[in-house]
Each structure stands twice: as structure tokens, then as C-alpha cells.
Amino acid sequence: MAVIRRERDGNKEIITLSGDLTVSHARAMRAVLHEAVQGAAEVAVILERVTDVDVTFPQLLCSTHRTAAALQKILSVRGGEEAPVSLLLRNMGFQRQVGCRKISGADCLWRCAEGR
Amino acid sequence: MTDADSSENLDFNVLREMFKGEAYELVAELEHALLVLEEAPRDKELVGRVFRALHTLKGSGGACGFDDVARFAHEIEAVYDAVRHDQLEVTSEIINATLAARDQIKALLDEQYGQGKAEREVTDVIIGRLRQLLPPGVLPAGRKPAEPAIAAAAPVRPTTYRIFFRPARNIFMTGTDPGRLLEELQTLGSSRAVAQLEGIPDLKGLDPEQCYLAWDVVLTTDRGIDAVKDVFLFVQEAGAVTIEEVDLDGFMTGGAEQKRLGDILVERGDIAPEEISSVASQQKRLGEILVEQGLVHNDRVEAALTEQQHIRELHRERQKTEALSSIRVASPKLDMLVDLVGELVTVQARLSQTAAGTSNALLLSIAEEVERLTAELRDTSMSIRMLPIGTIFGKFKRLVRDLSRSLGKSAELVLEGEETELDKSVIERLHDPLVHIIRNCVDHGIETPDERQAAGKPRQGTIVLSAEHSGAHVLIRIRDDGRGMNVEAIRRKAAEQGLISADASLADQELLSLVLLPGFSTAEQVTDVSGRGVGMDVVKQAIDGLRGTIEICSRPGQGTTITLALPLTLAIIDGFLTRIGMEHFVFPLPLVDECVELSAAHATSSGRRALLTVRGELVPFIRLRDRFAIAESRASVEQVVITKVDGARVGFVVDHIVGGHQTVVKNLGSMYAGVEGISGATILGDGSVALILDVPKLIMSVEREEAAV
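Sequences listed follow chains R and C, in order. Under the numbering used here, the first residue of the first sequence carries the number 1, and numbering increases by one thereafter. Under the numbering used here, the first residue of the second sequence carries the number 117, and numbering increases by one thereafter.
Everything labelled a hint here was simulated from the structure, so no lab data went into it. Note that the structure is predicted; figures quoted are calculated from it, not measured. Be aware that one or more of the hints could be misleading.
Unchecked claim - Covered stretches of chain C, going by a simulated chain R footprint (3 or more residues, C-beta under 8 Å):
1. 286 to 294
2. 323 to 337
3. 511 to 522
Said to hold, decoys possible - Below, simulated SDA-like cross-link-like pairs (lysine to any residue); rule was C-alpha separation at most 20 Å, straight line:
4. C:Lys-160 x R:Leu-87
5. R:Lys-73 x C:Lys-320
6. R:Lys-73 x C:Pro-317
7. C:Lys-320 x R:Leu-87
A virtual CB, placed ideally from N, CA and C, is assigned to each residue, including glycine.
Bound conformation, chain R alone:
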């Protein structure tokens, strides 16, 4: 089960995601993220106590990041070092050295420290 918590801090929307961040809950997470990106200047996604995650989740975050960039809004993600998430990002090849063309390379969500 995924737990989605929303908080508002002025122009900033804080979304805390916990539990199973998998395809079964992807639709609900997309709805919340879409609404947040439309309604706030800054969106902060916090990951905590993640129990399971599949590739639909980084795909969703990537889409959110592109949407936010197009709207000139800020998206930040914290807690990516949580074991299931970091393992998935590494094993499924999401980590980046050169970043994304749609967004300035340095801001890529998956850009790792060891870039070149």
C-alpha cells in the first residue's frame, strides 16, 4: 500500500510518499503530482519508509520533472537514498552522467556525482 501525504507551505507543496511505490498506485500518485505541479511554484517530494518500488515510479518522477521544467516550476526529490529506491535506480539504469536534454543537465534528477 502507498501512503501519500500532502502539506502546503506557502507556495510550496510538500508530498511525502511511503509504502509501495508501484504500478498499482501509480495512477493515484500521478494525480497528486499533477495537481501539485499545476498549483504550486515549488514541489518537494519526500520519500520515506519505502517498502517496494518499480520502474513506473522513476518514470512518473521523470515526467513530473519535465512538466515542472516546462512550467518553470521547481521540483526537488529527497530520500532517494532509501534502500529500495536507490537499488532500483542503480540496477535499472536511471543514474545519469550527462543528464537530460529536455532539462539542463545539471538539474537532472538522476545525475550522479561521478559525472563527466
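Please build the complex by placing chain C on the supplied structure of chain R, with the hints as guidance.
Just chain C, lined up with the frame of chain R:
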């Protein structure tokens, strides 16, 4: 038959012979993995181990023309494929059927290598059992075992593949997680994946239950392209998969430059060579320029960079493993090497002795140098024959499992010190005695679960099989937490059989040693497993043959521990050299307890038995001069070498004690095979022969003769 045909047959036979060792290792690995999997049925890594063993048996077996093995392995593989894809759970039924299948694969291999005949119908029965275990529709009817021709190409040398995988958009709806497929690729070897994110739309256009991703994977595996294709078998039609071999020529050999990013991009078809040349002169990183100028998509650069990194690490890894690489050598060649080293040790001793008798400084110096080199060569060649004892320990897990089930008991075998090394010839001869001891543990030692519960013990019994080094010996202990041995029953039975007098005063240790005598058994019932009183006798003979000793400790209700002390090697032993007249005799040093002078004041006799008083203890002794009919007159002061065998001390009278001696053991040949009390011979530095005493047999034969009088 043409020359080409016969050369092909020769190659095929060579291939089969080369596969032989690996095949039996795979069968052993399969059994071991299955037994561990039974205890941890959800462990995917173990499922992977089972799958890999079967897959290699299938591929390499097919390549060697063992079609029966390949087809059979393929059937079992289907079951574990279903397990890997969460379509089936590991149950004891699956484990039982697979263990039976493993036995049948071994029988099929034995037949191929001319060591017996396999019953074909057993294969069909097991396949029937396995198919019944598969959920409906899972049987991959379209899958065929690797054709020999393809499997023959299955590389022993690792190959690097470039894989592109774009799953069908609706892949999640079909219940397949593309992540699982990538994980499966990772089990085949070393791999790196790069997710292609270009196709992900913004949130407005995103259906989060669809997959917009694709992956570039670079994989290095020795499993062959078929294994890679197998991963995508069920998703290939709906998605896009391309697999191509990466050309590593010139990049993996020593000194060659590493593969450049531009070369990789050109090879992958991401950019034309001329476009690369035009940007190569700019003083910026190539990847950055290409992305900036929009010549190559950043995801493609990412994939190329990852491939570059993978190859670099592969190169580093290969350099490391080349330094540690091993080769397979036929064991007779090693035996021959050790024999030759033995000869060399003997000749070197003669050289040292001759040199010591001269005042030639140069000769002395050469002799010392040869002595040092010979010692190094001896140690190195002996170490080559050392094998970890775990190579046989693993087999006993299955024995305990099957035996305890057949007896309605529950027992677990715990292995300790499996990495302890022992000479391969010792290991080979240790199998049978260990089987006897472990069977006895399960049959007589471990109680039924109800009995154990009533005694306040866990329902499952534990047998611990451990090995550890102790000086020039390896101690092997077999410890169970069963009912222990009944010392009083042993005393009663021994008295009934006339082995001891009814009122004999014997320590517990001595009473326990009686179970090692031929025909001795306290078991009320003779079972299929044990109780005929032959097991421990066989153990004793085998351990004596290995110049080892046995010690038994037992506590009623708490269990029994049997300790085997074995020499590290049989080829060269630590000996204790003695002389009687002009004849030399060697005692195995570990059996020697102490040496004392024989004085008339301390010697006495009881019946035909000669006894010696050593610090108040009566020790029986045997005159080797009489035993071997040596006519020369005895020394004015004789020496007694007191040995300790199975806890009992027995002395041997000799003229002189020479001292410790590195003894290269030589067989006496079949003509002297019947001579009791001699286990071999060795050649001394002066070229004369010394006999190596088989102390336990010598004692036994004297006792037998005394009893016969």
C-alpha cells in the same frame, strides 16, 4: 571413415573428456543448491544457482552430444524457470523430484562415461512428476533444448553483448515487470543497464500504467547467446529486442588503448565517423559536445559511456583473474609428480649424506642448496594435491536428509571447517568411513522427534561434521546430540562375546573403543542401515589404513562425538626412525607417545604378555627383534618406543632410536601385501630400506596370537 571424420571424432571425445570433471561438479553443485534451497525456499539467488547448474548441464551436455542429459535438464529447467517468474513456489515435492532428477542425470552421465547403465524409464517417470508440478499453461511447449550445434558454440570464454530492449507499452498490464527481466540478465553475468528516458511524456500525456522506457544493457556472460535470448522469450513478440556481440578485439589485450567513446557511438550506429572527426579537435569532452550540438541524444551518449566503463572494468577484472587463473590437470599426473618428488627427496638425502662425509666445501654448499630447493619443491607439490574437505562433506547433507526421512526422524547436518585442506588421496579414502559413522549417528544416535521432545530436546536432531587443522593432522569430528552410547550395554555385550571378562576393570574410553572391534554391535535390531556390527569395524580399518586414529566420547542422553585424527598426506609422513641390529624401522610419529629404556627391574610378564612398569603404569610391550626374527645380538641397553593407539599404550622394543625422519612412503608391492604389521617402506639416505610399521595391525596380530594360545 575419412581423416576429417576421425579428427572430428577425436575432437568430440576430447570435448567430452574435458566436460567430465565439470559435469560431475555441476551435478554436485545442483544437489548442494537444492538442499540449501529446501531450507530457504524463497531465496531467489538459490533458485538462480539451481537454474544455472541445469542450464549449463543442458548447454554443455548438448555440445558433447549427451542429448538425453540436455533434454532432461531442459525439462527440469522449465520448473525452475516458473519458480523464477513467481509462477510456482518451491515445495518439498519439487525438491524431492529434482533430487531424483539429479540422481538420474548422474546415472546418465555415468553411462556416457562407461560407468554403469541408466534406466531410461526413470527419466520418463521423473519428467511426468515434474510436469504435474507445473501450473497449467506454464510448460514452455515451444522451447527446445539447445541444439548441439548451437550449444557447441556456447562459449567457455565470456562474451560481451549489447542488448537493446524496448518493452511493449502495456507490459505492466500483462503482469510482467521489465525490471525482473533486467534482474534476470544480471544473474547471467556482469551487466550494466541504462534506461532510455526520451520517450517519457509530461504528466498530461502520461498514462502511469504504461511503459515509456527502453533499456540499453551491456552484458558480459559465459552462458552464450541462447541464455540471453531466453530472458526475453515471453516478451519478444510484443516488444523490441536486439542482441549483438560487442567487438572487443584489440581492446582487451594487454597494452591496447581502451575503447574510445567515439568508437562506441559509431559502432552502435548513433553517429557517422565523419561527424565524430569534426568535433574531435575541440577541447571539450566529446559527449558534452555531441549532446550540445544535438548530434547524438544524451541517452545514447549515456549508454555509450556506460559501455565504455563496463569494458574498462572488464579489462581490469580480466587482468586480475588472469593472474589468479587455474588450470585443470588430470590427477594421475599429480600423483606422478608427487612420486617423482619422493624419489628426489630420497636422492637428495643420499647427496647430503655423501657430502657430509667429505671435506669438499663446494659439494657441501651444493648439497645444502639442493636440500633447500627439494624441501620447497616437496611442499609446493604436496600443496597442489590439497583439496578442501568440503568436496566430500557436501555429499553427506543428502545422506542425512534421505536417511532421517526413511527412519521417521528429523535431523540436520551442520558443516564446519569445509575449507580445511587435506591430501586428495586421504579425502578419497575418507568417504566410506564417514558414511558409516553418519549412518550410525542417524540410526542409533538421533532419537525420534517424540522421544526427543519427551527428553526436553528440540524435535530435530543435529549432527555436526567439522574439520580443523591440528599440527600435521586434520581432526574430523562427527558430533550428534542424540541418546549417546550405553557403556553398560557395551560392557555386557563384550562380556557375552568373550571380548572381555565379566569383571574386567576398563575405563569408559576403553569400553567405547570396543565398538571398533569386528562384529561388535549392541543394536537389538539389525536394520537396513546399521546394526550388523560391521560398520565401525570398516571405519577402524579404513582409518588405520590412513594412519589415523579414532577417539570416541559419549554421554548418555547428550550425544556422541567421534574424532578422527588424520595425517595431512599419505605420500610423505613424519616418521620416527629406529634400528634393530642392521635393520631400520619407522614408526608413524603421531602414534609415538614416549621412549624409555628397557631395564630388567621394570620388566615383568603376565602369562605370555611382557609388561613394563612406567611411572607405576603397566604397559604391555612387544619385542620387534623376535617379531621380525632378527638374529643379530641385542644391544646392551634396549629402548622401548611406547605408542598410543585408540587410547591404549603399547611398547615396542628396539636397539637404537635414530630420531625424527621425513619419510617418503613407498608401496611394497603385491608380493608383500599379506605381510601383517608393515604398511610400506622408505629409502634412507645411504640407500638402505627401512620398513614402515603398521602399529595398530601389529598390536592386533600379537593379541590374536596370544588369544589363540
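The hints, checked one at a time:
1. 286 to 294: holds (count 3)
2. 323 to 337: Holds: 8 residues of the segment 323 to 337 of chain C have a Cβ under 8 Å from chain R.
3. 511 to 522: violated (count 0)
4. C:Lys-160 x R:Leu-87: Distance ~17 Å between C:Lys-160 and R:Leu-87 Cα, so the pair holds.
5. R:Lys-73 x C:Lys-320: 15 Å, holds
6. R:Lys-73 x C:Pro-317: 17 Å, holds
7. C:Lys-320 x R:Leu-87: The given pair, whose Cα atoms are some 28 Å apart, is violated under the 20 Å limit.
Going through the hint list in order, the structure does not satisfy hints 3 and 7.
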